[in-house]
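Engineer: Residues per chain are reported as follows:
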Amino acid sequence: MKAALVLTLVVVSACKQEQAASPTPATSPTPAKDKHFTVSFSGQPATVGDAARLSLRLVATDGFHVNADYPVSFVPDESPAVAFAAPRVPLKDTAAKTLCAGSAEDTCALDATLSPKAVAAGTHRVSGVFAFSVCSADQCLIEKEPVSLQLVVSAPQ
Amino acid sequence: MTFLALTLLLTARPALGAAAPDFTLKNLEGKEVKLSSFKGKTVVLEWFNPECPYVKAAHTKGSLVDTAKRAQAKGVVWLAINSGAAGKQGAGLETNKKGVATFKLEHPVLLDETGVVGKSYGATNTPNLFVIDGKGTLVYRGAIDNSPDGEGKSPEGGALINYVDQALEDLSGGKAARVPETKPYGCSVKYGA
Chain A
1 MKAALVLTLV VVSACKQEQA ASPTPATSPT PAKDKHFTVS FSGQPATVGD AARLSLRLVA
61 TDGFHVNADY PVSFVPDESP AVAFAAPRVP LKDTAAKTLC AGSAEDTCAL DATLSPKAVA
121 AGTHRVSGVF AFSVCSADQC LIEKEPVSLQ LVVSAPQ
Chain B
1 MTFLALTLLL TARPALGAAA PDFTLKNLEG KEVKLSSFKG KTVVLEWFNP ECPYVKAAHT
61 KGSLVDTAKR AQAKGVVWLA INSGAAGKQG AGLETNKKGV ATFKLEHPVL LDETGVVGKS
121 YGATNTPNLF VIDGKGTLVY RGAIDNSPDG EGKSPEGGAL INYVDQALED LSGGKAARVP
181 ETKPYGCSVK YGA
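In the order they appear, the protein sequences are chains A and B.
The first sequence finishes on residue 157 if you use my numbering, and the numbering steps up by one all the way, no holes.
The second sequence finishes on residue 193 if you use my numbering, and the numbering steps up by one all the way, no holes.
Hints were generated in silico from the structure; no laboratory data involved.
Yeah, the Cβ is synthetic: ideal placement off N, Cα and C, and Gly gets one too.
Do not rely on the hints blindly, as some may be mistaken.
[What the hints assert, rightly or not] With a Cα cut of at most 25 Å, we get these calculated DMTMM-like pairs of lysine to aspartate or glutamate: (1) B:183 x A:69; (2) B:183 x A:106; (3) B:153 x A:143; (4) B:61 x A:138; (5) B:39 x B:133; (6) B:61 x A:77.
[To be verified] Now the in silico label distances, taken between C-beta atoms and shown as ranges: (7) B:39 x A:34: 43 to 51 Å; (8) A:68 x B:33: 33 to 41 Å; (9) B:66 x A:62: 33 to 41 Å; (10) B:165 x A:93: 25 to 33 Å; (11) B:169 x A:129: 29 to 37 Å.
Excised from the complex, chain A in its bound form (with noise of 0.2 Å):
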């Protein structure tokens, strides 16, 4: 019987606060990147042989909205647990928009799924790195935010 778990990672993406590359204490703690946005990256336990179950979620904040024009996607890292079917998977058609509240033409959230082909049994980290763009009235961001998760795949029964 599968484990009825669901595994929920909301991540924290690895923000990428520069160094100093000085030794020399600063004078003041370098700004955390400005983010207009929350990415949150889920699966459901698989079974080998199966489609995982896999969902991004993007939030845009702070006035940004999701550009349309951008063509979403996600680059998978290396995993033993899944085999996607192609380096690159294009999201921008297949992901469901959420409209913005007051707005009739901006997307403020999108919900991709993943389906990538479970092939080894056992928890394994599933990465790679999402990739979009938001845009506020006043500027575009593209944004490649790093994303992972722990993935339970089971051996077929």
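Fit chain B to the given chain A structure using the hints.
Structural biologist: Frame of chain A; chain B shown alone:
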């Protein structure tokens, strides 16, 4: 850019096959550059903003890497135009000089802080490319390529197409651009009010 502003901008632009609007703008050295002085030569106009992530990506990883240099080697005039208003992202003399150095540009960057020239062409994005033939006719407008990530990694339809390379190749062969118009992608042009 609001839907209304975009509509007004696109309504005002010249038709493909029509004369490209003439202009005179100053380059980063303060010298005036007049489009009509290049009559007889093919001219590419590239709307530019050195702080736009799409421009950065296209000039460091994507289809704008060396495209201008290749074109200039064949006698094409390549002019980048920044229509960002003073105080907006990517505007200003020093910011653009830095951009020229960062991207190792060998073509002029012209400043259009009033946005008059950008609006006369209906430039909506950075990058947004326009190709003008030797007679001064607008023969291509749109994106640099079919990969709206700016990096050339997500070409729509499979193979990466550099539309400007393609249009220049067609022109040099005495043919019309096989794809005369595409939808530009990237940042909005940072026009003033």
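Engineer: Are there hints from earlier that the structure breaks, and if so, what are their numbers?
Structural biologist: none
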